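Chemist: Sequence:
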Amino acid sequence: MKDRFALLIFIALTAALPTAVAADRPASATASDGRPNILFCFSDDWGRYASIYRDPSRPGLNDVIETPTLDAIGRNGVVFNNAFVSAPSCTPCRASVSTGMPFYRCGSNAFLHSHEYGKAPDPFKKLPGFSELLVRNGYHVMHWGKTTKKAAKRIDRTHLPPICNFSQAVSAAKDKEARKREIFSFVRSNFSSFLDQQPEGKPFMYWFGPHNSHRQWTRGSGKDLWGLDPDSLKGKLPKFLPDVHDVREDVAD
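So for the sequence shown, my numbering puts the first residue at 77; every next one is plus one.
None of these hints come from the bench; they were simulated from the model. These numbers were taken from a predicted model, which means no experiment stands behind them. By construction, the Cβ of each residue, glycine as well, lies at the ideal position given by its N, Cα and C atoms. Any given hint might turn out to be false.
[Stated by the list, open to error] Subject to a maximum C-alpha distance of 27 Å in a straight line, what follows is the list of computed DSSO-like cross-link-like pairs (lysine-lysine):
#: 1; residue 1: 252; residue 2: 299
#: 2; residue 1: 310; residue 2: 299
#: 3; residue 1: 312; residue 2: 299
#: 4; residue 1: 256; residue 2: 299
#: 5; residue 1: 250; residue 2: 299
#: 6; residue 1: 299; residue 2: 278
[To be verified] Estimated spans, in silico, between C-beta atoms of each pair:
#: 7; residue 1: 134; residue 2: 202; range: 42 to 48 Å
#: 8; residue 1: 214; residue 2: 135; range: 47 to 53 Å
#: 9; residue 1: 277; residue 2: 161; range: 34 to 40 Å
#: 10; residue 1: 300; residue 2: 143; range: 15 to 21 Å
#: 11; residue 1: 199; residue 2: 164; range: 20 to 26 Å
#: 12; residue 1: 319; residue 2: 278; range: 49 to 55 Å
With the hints as extra help, turn the sequences into a complete structure.
Modeler: Written out as structure tokens, the structure is:
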């Protein structure tokens with residue numbers, strides 16, 4: 077049992093986290109019985125890309141991006157400088173995180189297109205996900221957005237509307253700032269409603285899985301949406317990428 081949950085040691089919640097998610101009201105970091113509330117933020121395609129990772133001796137992409145909320149979470153918790161992913165693909169990675177198992181032990185969820193698994197017995201069905209175990213132990217649980225098939229029937233799941241494909245939705249909008257506010261409001265209201273439904277004295281676990289990383293390429297969106305000048309990345313790209321304008325623009329986007 078200890079080995080199974082070794083991957084979950086990085087899940088931590090401090091009192092600062094609920095306000096960092098910009099809920100309408102703060103939440104206590106613990107339930108009345110002392111068990112921690114858990115806010116699990118999970119998105120695909122991340123590297124060491126946050127301003128808290130800036131290092132003057134290593135010029136890089138972190139020099140030109142600002143992630144104040146992630147930085148605040150890191151300062152109030154733990155920042156990992158050396159971490160490894162079980163599988164660099166969305167479905168097997170989430171399966172590994174949710175079960176604590178290596179991705180290759182996750183049966184149908186060991187690869188992206190699980191419907192192609194066929195009729196063989198599926199070991200994934202017998203692996204308990206940590207969300208399910210939390211429900212059994214009295215947690216108030218919701219999975220929001222991009223999640224995992226280990227969300228049991230007793231777990232509320234909110235599927236994201238197309239508006240929450242952030243880059244695509246905002247890029248296509250005439251009033252981009254208004255569309256940003258609309259999306260942020262949707263996210264805040266969902267989390268606030270979840271807290272409103274939390275039974276008295278019961279701890280919560282909220283899985284937050286935004287879809288934005290699965291983007292269609294929208295040329296110029298890095299500058300248009302986030303103010304990232306592609307040429308501000310000159311001299312800061314990873315060594316394996318050609319340091320030319322078109323590549324810098326794609327990285328910014």
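Chemist: All the hints need checking, so say for each whether the structure fits it.
Modeler: Here's how the hints hold up against the structure:
no., hint, result
1, 252 x 299, "holds, 13 Å"
2, 310 x 299, "holds, 15 Å"
3, 312 x 299, "holds, 17 Å"
4, 256 x 299, "holds, 15 Å"
5, 250 x 299, "holds, 16 Å"
6, 299 x 278, "violated, 44 Å"
7, 134 x 202: 42 to 48 Å, "holds, 44 Å"
8, 214 x 135: 47 to 53 Å, "holds, 49 Å"
9, 277 x 161: 34 to 40 Å, "holds, 36 Å"
10, 300 x 143: 15 to 21 Å, "holds, 19 Å"
11, 199 x 164: 20 to 26 Å, "holds, 22 Å"
12, 319 x 278: 49 to 55 Å, "holds, 53 Å"
Checked against the numbered hints above, the structure breaks only hint 6 and satisfies the rest.
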